[in-house]
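Q: Sequence:
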Amino acid sequence: MSNSMTLGEKISQARKTQGLSQEALAEATGVSSRTIQRIENNVSTPRAFTLKQIAQALNLPIQAFQVSSPTSPSTVAVSWTQVRLLNASTLAVVLLPLSNVLLPLWLWQQNKHHTVVNQVGKQILNFQILWSIATLLCLIGYPLLSMIFTGSVANGRFPWPLFIYALAVVVNITFTLSTSRHIQNQKTNIYSFIPALL
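Reminder that position 50 of the sequence shown reads as 49 in numbering that gives the first Met the number 0, one-by-one numbering, no gaps.
For the record, the hints were derived by calculation from the structure and aren't laboratory data. One should not assume that every hint holds.
With a Cα cut of at most 27 Å, we get these calculated DSSO-like pairs of lysine-lysine [claimed, not checked]:
| id | residue 1 | residue 2 |
| --- | --- | --- |
| 1 | K121 | K111 |
| 2 | K121 | K15 |
| 3 | K51 | K121 |
| 4 | K15 | K111 |
| 5 | K186 | K121 |
| 6 | K186 | K51 |
| 7 | K111 | K186 |
| 8 | K51 | K15 |
None of these values were measured; they are calculated from a predicted model.
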């Protein structure tokens, strides 16, 4: 396994080489399949005990999962600067719908070779994708519910769709500002409640 691979990529490659599913590896290690999925997607970092269990289940020495990480303070600083920029770019949704996904996605693609950018960037993108889907469903669902309950798509002169979107944007901004505080403290596990889509 290449030293340039992330820990998640190494575990995923070793598991597939041995023909094991995520569920089978989870059963062999005593953790949930969701935990294995999050580790392989580099969303979460396994504890030393969990990593040891994974290595034993795959019949590999734990040294096989050692990852070379940059120790230069300047490299680490650049990584967190990119994470801050990626997170801030989601605020573009105020000006243009879907820019909260497209712009940070582009930034993530350009910088995902940095472990921190890859790990935190995925979490930010997962949240933004789910937020966009939820907002779209609300905008589509409003006229349908209005038709069911009132018999008409229009409900007075109040621009409800615009209000719904504005409210959703406020929620997005709130989460983005909260995320910026976590990033300031260099926390990597930010959206642990969001399923991994990337």
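Q: Against this structure, judge whether each hint is valid.
A: Hints and how they fare:
With a C-alpha separation of about 9 Å, the suggested pairing of K121 with K111 holds against the 27 Å cut-off. Pair hint K121 plus K15 holds up; C-alpha atoms about 22 Å apart against a cutoff of 27 Å. Taking the CA atoms of K51 and K121, the gap is near 25 Å; set against the 27 Å cutoff, the hint holds. Proposed proximity of K15 and K111 is supported: the alpha carbons are some 23 Å apart, at most 27 Å.
Between K186 and K121, the direct Cα distance comes to roughly 14 Å. Compliance with the 27 Å bound is thereby established for this hinted pair. Note on K186 and K51: the hinted pairing holds, with a Cα-Cα distance of about 24 Å set against a maximum of 27 Å. The hinted pair formed by K111 and K186 meets the criterion: a straight-line CA distance of about 17 Å does not exceed 27 Å. For the hint pairing K51 with K15, the CA-to-CA distance comes to about 18 Å; that is within 27 Å, so the pair holds.
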